[in-house]
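Q: Sequence:
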Amino acid sequence: MSAVEPEKTVDVVSEEEEKGGELLFCGATSWDSVGRRKGLEGNLVSPTRLRPLVGVDIRFVASGCTSCHCVALDTEGRCYTWGRNEKGQLGHGDTIQRDRPTVVSELLKYKVIRAGTGRSHTVVGTEDGISLSFGWNKHGQLGSGSVRNEIELSPVRCLVSEVKNTVCGADFTVWLTSVEGASILTAGLPQYGQLGHGTDNEYNTKDSSVRLAYEAQPRPRAIASLAGETIVKVACGTNHTVAVDSNGFVYTWGFGGYGRLGHREQKDEWVPRRVDVFQRHNVLPPDAVISAGSVNSSCTAGGGQLYMWGKIKNAGDDWMYPKPLMDLSGWNLRCMDSGNMHHFVGADSSCISWGHAQHGELGFGPNGQKSSAIPKKVDILEGMHVISVACGMGHSMVVVDRKNVGDQLDQLDIYDGKASGEGSEEPELQTPVVKQTAKKGTAKSLSNSKKRKKLKDSSDSEDGDDSDADSEDGEEQVNGQTEQRKGGRNVSGRGRGKGANKSTRGRGRPPSANKSSHSSQGKSGKRGRPRKA
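When we follow this note's numbering, the leftmost residue of the sequence shown carries the number 1416, and every step to the right adds one.
No lab work stands behind these hints, which were simulated from the structure alone.
Any given hint could be a false lead.
[What the hints assert, rightly or not] List of simulated lysine to any residue pairs, SDA-like, C-alpha gap at most 25 Å:
1) K1453 to I1511
2) K1553 to T1510
3) K1785 to T1463
4) K1726 to Q1694
5) K1682 to D1732
6) K1524 to L1574
7) K1434 to S1764
8) K1728 to A1788
9) K1728 to G1783
10) K1818 to S1765
11) K1792 to V1469
12) K1785 to G1457
13) K1682 to M1735
14) K1785 to L1455
15) K1818 to G1492
16) K1791 to G1457
17) K1728 to V1460
18) K1738 to Q1720
19) K1728 to N1747
20) K1791 to I1829
Let's have the full structure, built from the sequences with the hints guiding it.
A: Structure follows, in C-alpha cells:
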C-alpha cells in the first residue's frame, strides 16, 4: 500500500513521516559558490550523515531547483536550516552562512510540518494552519502583504490561513489551504504568468524607457479559475507550477519553454491549463506523486507509471507532452523530487537517481559515474525504506527509515561542517595574505573573473548587496545583469580607479602594484593574480 506522498502533501501527515528517520545528504557543500563556479571542493559524492542530525528523527526535507539552502523538519516540529544565507533565507536573524543544520529559534513556539524553499526565500507551514516566511522579498514572494522590507532576516506572518501546504518557485510562492473556493493562493513574481492570475503585470520603468519591470504581488491571492476545484497537490519549478485537483486532473501554468507545461507547445500560460493526457481513464490516483524541476515536470498516473515532460536530458529532443518513463515501470514510487537537472526517487526498498550532475548529487559514490541519463539505483542505500526526498541546486537529501537497516547507517560517513562562526564570512573577511593561495586555486576560469568584476562593482555603494548579480541570475534577471556588466566596462576604461586596476589584471603586474592594492583595499588586492608576477 502506498503511503501518502510525503514530498508534496495532501491533508494528512503519513504514518511513516510521523516517526521520522535519518537524514542523508549528498552533493556540494561550498554554498557560496554553487551555481557560480565549477570545480568546487568539499563535495559529498556518497550519501552522508550530518553530525548535528545524527539520531534526530527527521520527518520532512525541502529544497528547490534554484535553492542553495536546505530545510529539515523533525517529528517534534523543530525547523533546521543551513546553506547560503545572503538574503536571510535561513531565518536566523543574520546573513551568515551555516554549514551545519541549525534550529530556527524563532520558530520553536510553532510545530512546523511543511516547508518550501525558493532561490533566496523560505516559507513554512505549521500544524495549526499558520504560514511564516523569511528571506528575499523583492517581488513579494514572502506573502506578507508588503515589499517595504526587501529582506526579512527573521520569520514574518504570511497573509493566508488554514494552510495545508506551501511550495516555492524561484521567486514566487504557492499555498494550499482548506478554505472553500480558495484552495490555492499565490504571491511573488508574475513575469511568466506563474501566479496563474491571467497577467504578467509588466510595465515600463519610465515613460521614456524601454526597460521592462514586473509589478510585485506581495499579497497572496486565490487563483480565480480554480475556485471551483479543490487543489490537493502542487509542485513548482523555477518559473512554472504543476497542480492536481481532487478529481485527479493535472493543471500547469507559467513559463512554457522546452515543453515543461506539457501542452505540445512552448507558449507561456498565464492561467492554469488542464493537461489533456491525464483525463478520462488516466486521471491521477489519490496517492500520486508530482514533481517539478527547473525545466521539466513529472507525475505518477494510473498503475503508478511515472510520466515526464519538458527538457529531460541535456542532449536530444524535448518532450513536449507527458510520456511514460519506461525505465521505472513496475516500481512503486512513494516520493520524488527534481533539482536543477537531476531527480531522486524513493521506490519500494530502493533509492533511485538520475540526471545531469556536477557535484556528486546523485550519490553514486567516488567510484560511480557523475551523471546518468537513465535511472539507476543508489547502491549504498539499497534495502533502505525512503521516507522523504528533496533536490536542490547541486545537492540532494534523503530521509531513510532506521528500521531493518542493520549497521548500514553506521558504515556511512558523518560530515561535521564548519561552525556558524566560520561560515561564508571567513573567506570574505580574513586577511588576504593568509587566504590568498587557496582562493587563487579555485578561481581560474575567465567567466568567474568576470563575475568577480561585476560583484565588486556592485559592492562599491553597498557591501551587503554584492551577491545580487550572481544569486539572482535566472531568466528574469537578464536586463539587470547586462547593465551591470556595461557599468563595469565603462569604469575600467575611464580612469585609474579600482575598475582600471581590474581591467589590467593577469598581465604580469609587478609585485609592488599588488602590494599597494593590498594596503589600499583588502578585497581588491585579494582578487589580483600575484602568482603571475
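Q: Sort out which numbered hints this structure fails and list those numbers smallest first.
A: Violated hints: none; all satisfied.
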